[in-house]
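*Asks:* First to last, the sequence lines map onto chains A and B.
Under my numbering, the residues of the first sequence are numbered 1 to 254, in order.
Under my numbering, the residues of the second sequence are numbered 1 to 272, in order.
Hints in this document: simulated from the structure, not taken from any laboratory.
Honestly, I wouldn't trust all of these hints.
[What the hints assert, rightly or not] Label pairs and their in silico Cβ distance ranges:
1. B/A66 to A/A145: 39 to 45 angstroms
2. A/F166 to B/T142: 44 to 50 angstroms
3. B/E190 to A/A145: 40 to 46 angstroms
[To be verified] Lysine-lysine pairs mimicking DSS-like chemistry, simulated, CA-CA at most 25 angstroms apart:
4. A/K168 to B/K75
5. B/K108 to B/K194
6. B/K108 to B/K64
7. B/K75 to B/K64
8. B/K160 to B/K75
9. A/K168 to B/K141
10. B/K160 to B/K194
11. B/K160 to A/K168
12. B/K64 to B/K141
[Claimed, not checked] If you want the footprint, here are the derived chain A segments under chain B, 3+ residues with CB under 8 angstroms:
13. 64-78
14. 241-251
All values derive from a computational prediction rather than experimental measurement.
Backbone N, C-alpha and C fix where the C-beta goes; we use that ideal spot for every residue, glycine too.
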Amino acid sequence: MPSRTWRTAALILAPWVLILLAWYALAASGLVNAALLPTPSQVFGKFRELARDRLPMDVWMSTQRVFVGVALGTLLAVPVGFVLGWYRGIRTFIDPVINFFRALPPIALIPLVIVYFGIGETAKIVILFYASFFAGVIVMYEGIAQISPIYVRVARTLGATDAEIFRKVIVPLAVPHMLTALRVALGVAWATLVASELIAAQQGLGALIQNASSFFQLDIIYLGIICIGFIALAMDTALRVIARRLVSWQERIA
Amino acid sequence: MNAAVQPVRVRFDRVSVQYDTANGPLPVVDDVSFDIRNGEFISIIGPSGCGKTTMMSMLAGFVKPASGSVLLDGKPVEGPGPERGVIFQEYGVFPWLTVEENIAFGLKLAANRVPERERREICERYMRLMGLTDFARAYPKTLSGGMRQRLAIARAYAVKPQFLLMDEPFGALDAQTRSHMQDLLLQVLEAEGKTVLLITHSVEEAIYLSSRIVVATARPARVREVIEVPFPYPRRESLHEDPRFGELRSHIRDLVMQEYAAQQRQATRNPD
Chain A
1 MPSRTWRTAA LILAPWVLIL LAWYALAASG LVNAALLPTP SQVFGKFREL ARDRLPMDVW
61 MSTQRVFVGV ALGTLLAVPV GFVLGWYRGI RTFIDPVINF FRALPPIALI PLVIVYFGIG
121 ETAKIVILFY ASFFAGVIVM YEGIAQISPI YVRVARTLGA TDAEIFRKVI VPLAVPHMLT
181 ALRVALGVAW ATLVASELIA AQQGLGALIQ NASSFFQLDI IYLGIICIGF IALAMDTALR
241 VIARRLVSWQ ERIA
Chain B
1 MNAAVQPVRV RFDRVSVQYD TANGPLPVVD DVSFDIRNGE FISIIGPSGC GKTTMMSMLA
61 GFVKPASGSV LLDGKPVEGP GPERGVIFQE YGVFPWLTVE ENIAFGLKLA ANRVPERERR
121 EICERYMRLM GLTDFARAYP KTLSGGMRQR LAIARAYAVK PQFLLMDEPF GALDAQTRSH
181 MQDLLLQVLE AEGKTVLLIT HSVEEAIYLS SRIVVATARP ARVREVIEVP FPYPRRESLH
241 EDPRFGELRS HIRDLVMQEY AAQQRQATRN PD
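Same shape as in the complex, but just chain A (with noise of 0.2 angstroms):
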């Protein structure tokens, strides 16, 4: 039904508009010093000039760090948390030191990033590492831990052996877990990715937003942040996307 389609459309499309206008008319209004906050035309202008000049490679990067970070974190994760929400007996001991760590802004870590991994490659991953394990492991754990034991039952009483109730059963109902734990994960990694290239970048959508703050080239941080924003907006899309294809039996999507 194409009226339909245009009406999501437009419903999808009408808070942006509205942010835009409501940024233009705030410029406009001189309420806010003309230095101090560019209109979104010029963020648009600054854009096109650095899409020809360095903004791919810092899109690159930063992806790519966001990309590797949020794989280990969430490889690590999922084995951790499962285990976690699947011996109830262990989560007693494991929770507090879990929400612990998870507790520590990412960027407080930096100095022993630093001292640790120095200030290449790593330290950076290392952040990214961190802040994506921490949020994914809780995320999969609750899910796991919240897996009804009936399903189990049922697969021994129709005479399954331990293996196959863990590929045939616990497998299956993890699944929704994990990509939820990759999704939080790589909301949160990008939520501290500026903190990680914080640490002596020279590339990077933080780097970037660095740069731009020595020189206090608003138009560009407020470039680097709306970049990091649609990034992991997109991001999240796909996942989502893949999500629905590949639990299209849940009774609700998350």
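For this one, chain A is given, so just place chain B on it according to the hints.
*Replies:* For chain B alone, kept in the frame of chain A given last:
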């Protein structure tokens, strides 16, 4: 079928169970003994929370008796097994599998693997029998309660268990669906003769389906009375109108109501 000449398949021999609670051990089943012969349909009826489900769980292999033993063909039950199909109160259909895959699940396990062609045939047969053919590729989220129930039964049947253990299988269904499911169950049993243990709190359901009824007491569950149901199989809906059905019903209802009242008194004495 003449149950008396059939061999004993299941024996509850002076079985007691207690659960550990914060206030010390809570006796749930106390000195229960009864036999189930081959091909019998036994119902256990009693007030809710009296320990009926625990009795079934012991035969299913999920709960071990504290004393006494549950014997299956003369050997103590060690754990769950595919010869004892279980229909759980909450169905437990696998939400990540389609209707057909749910039924095929047991047939793909090492314990009862069959060639693919046979598996297809079995799936198709039970889907037809349970009226699920049109939903072969649907996920359980799209099914109604009655259909999920039928799917759970089909899945249990597919591995050809000799025993069927059912815990309040029709409890959540509306009256019409419930009565339809009872008839369907009788039809399938007629075709494939199995030994059945049904947990229920519906007196009518127990009489209509069973060959014998075990009335359990308030917690801890003991055997209050074992009642022979004199009606031959196959049974038809019209049995409900039979005057003897009515008499049996009032007798059993009296027993159950007494135990229900005892359970209530217990609950007010220990409000935990």
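*Asks:* Hint by hint, say whether it matches the structure.
*Replies:* The hints, checked one at a time:
no.	hint	verdict
1	B/A66 to A/A145: 39 to 45 angstroms	violated, 29 angstroms
2	A/F166 to B/T142: 44 to 50 angstroms	violated, 28 angstroms
3	B/E190 to A/A145: 40 to 46 angstroms	holds, 44 angstroms
4	A/K168 to B/K75	violated, 30 angstroms
5	B/K108 to B/K194	holds, 22 angstroms
6	B/K108 to B/K64	violated, 28 angstroms
7	B/K75 to B/K64	holds, 14 angstroms
8	B/K160 to B/K75	holds, 21 angstroms
9	A/K168 to B/K141	holds, 19 angstroms
10	B/K160 to B/K194	holds, 9 angstroms
11	B/K160 to A/K168	holds, 20 angstroms
12	B/K64 to B/K141	violated, 34 angstroms
13	64-78	violated (count 0)
14	241-251	holds (count 5)
In this structure, the hints that do not hold are numbers 1, 2, 4, 6, 12, 13, in rising order.
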